[in-house]
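Asks: Work the whole structure out from these sequences, hints included.
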Amino acid sequence: MSLSAAARRSLAQRCSHLRRESPLLWCHRSSAPQEHDLGSRRPPQPWSSRLRSRAFSSPSAASEQDKPKISVTFVDKNGSEKSIQVPVGMSMLEAAHENEIELEGACEGSLACSTCHVIFMDEELYQKLPEPSDEENDMLDLAFGLTETSRLGCQIIAKPELDGMRLALPPATRNFAVDGHVPKPH
Amino acid sequence: MQATSPVDPRVLDAMIPYYLHQFGNPHSRTHLYGWESDEAVEKAREQVAALIGADAKEIIFTSGATESNNIALKGVMHFYREKKKHAITTQTEHKCVLDSCRHLQQEGFEVTYLPVKKDGLIDLGELKAAIRPDTAIVSVMTVNNEIGVVQPVEEIGKLCREHKVFFHTDGAQAAGKIPINVNDMKIDLMSLSGHKIYGPKGVGALYLRRRPRVRVEAQMSGGGQERGIRSGTVATPLAVGMGAACDIALKEMAYDEEHIKALQKRLYDGLTAKLQAVVVNGSMEHRYAGNLNLSFACVEGESLLMGLKEVAVSSGSACTSASLEPSYVLRALGVDEDMAHTSIRFGIGRFTTVEEIDRAIELTVTQVEKLREMSPLWEMVKDGVDLKSIQWTQH
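Chains as they are written, first to last, in the numbering used here: chain D, 2 to 187; chain X, 7 to 401.
Don't take each hint at face value.
To be verified - Straight-line distance between alpha carbons at most 30 Å, and here's what the computed DSS-like set of lysine-lysine pairs gives: (1) X:K89 x D:K160; (2) D:K129 x X:K91; (3) X:K124 x X:K63; (4) X:K164 x D:K129; (5) D:K78 x X:K101.
Hints in this document: simulated from the structure, not taken from any laboratory.
Replies: As structure tokens, then:
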């Protein structure tokens, strides 16, 4: 089930302060003071769209159309390129999923895997990113085909300085699939 | 105690349960066997880290210092190969370091092998001159396994940090014997060995700095164990043994040092009181007390070893004991070939007793005197002939 843009906006507004809390808590507070009575509340959101509204960073109240966009090019392991427009504030993992680019995000952006590993092709733009945290570095250590300009796609948030960045997709991820199986985005 | 050491009974006690009833695979995440095995490995990791002043997350268990050295050198050079093509090491390193460097040279990297001074220490000026913009790593062992000299690691670390080059040190003979702090000494990678510090054989560790992060290309591919750097099931009993050994070493380091220093003095004084022309190879000041490498003029090392069968010594090191070449370490010190052939390495450790030292002195003196009695060279030296002036005929 999906909501209209307006309804999503108001939901996101009310729940923006809950972004980091557990989805169970989110469920409880989204309606009038009725507890544990699933029947009388509005039917719960499908997991994926709840996640999407949670994963936006601060300017999540405004709609996606109003935000400035930067262009990002993804280059896959065969060399074919796909250029997309990414609104400022969206992570590269989100952007890839929205544009059907094959970037796995097994842990859905919670810094618990290395499957959204991307490689920066421009060193200068790589230097403009903030330093990776220890947790990100720990996950990067496990990534297949790690390079000096590797980062996790879920930690790269679009900002104006990164306009025109080119990201290469590594030839494989740690989720072994030598038979060519590609897991669907979660 | 250079080639190896006996397992401390306390270490064996810690290991046995993990062979018998607590035999789980530490990577099994779904049951108690796995959890308790994992807990034991993590505790061992902390114990190893505490010995060198590191964080537990920076320790990777391997099969020994040889593997750790391989990962350190080949791993760093391969990972940074786009921009960095040069490595620096010394001529007195352990064979696994030198062989890895030669292998890297085959692959197209460049390696500088720094010479050492007569006392076995490297010259810091030469090291500074050798560092280039494309140098990725400097590898200098902390304590040499053949001659026991201690390199100036703090100064080397400082120099490497200034030039933004990774500093790797082979600490197999040093960790647990002399105090080490990887932060004070600015060490980025360090290899450790279990069986040199009264732990089991078949286990070692690699310290990999996290801030600033050192990246290596894994040499073992697989399931991504040990932070993706060393795939393969971690041998819980061995890791626990190494942890226990490190823990004991940390607590008893000062006591062991006193004991070993006293025995070293006893051995050296005992030998030099009765024998002439005994030369110590390597610096006496910058030395780990448990190693004494001596050359006895005009006595052939191998024949002396045959006579000293009761004493477990070696000429050169264990890994060179099968080859006929005299030790390359002694050659690097500038020791003449004839003296290099006469060298004997005595190792003293936690479990060495005074009786053993006295017996070693007695046997060595007897053998050396007997061999010198038979030696025409010794006669000539006693008569004052300079051996170097003799023209030997070939036959």
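Asks: Confirm or reject each hint.
Replies: Structure-based check of each hint:
1. X:K89 x D:K160: holds, 29 Å
2. D:K129 x X:K91: holds, 26 Å
3. X:K124 x X:K63: violated, 39 Å
4. X:K164 x D:K129: With a Cα-Cα distance of about 28 Å, the restraint between K164 of chain X and K129 of chain D holds, given a limit of 30 Å.
5. D:K78 x X:K101: violated, 40 Å
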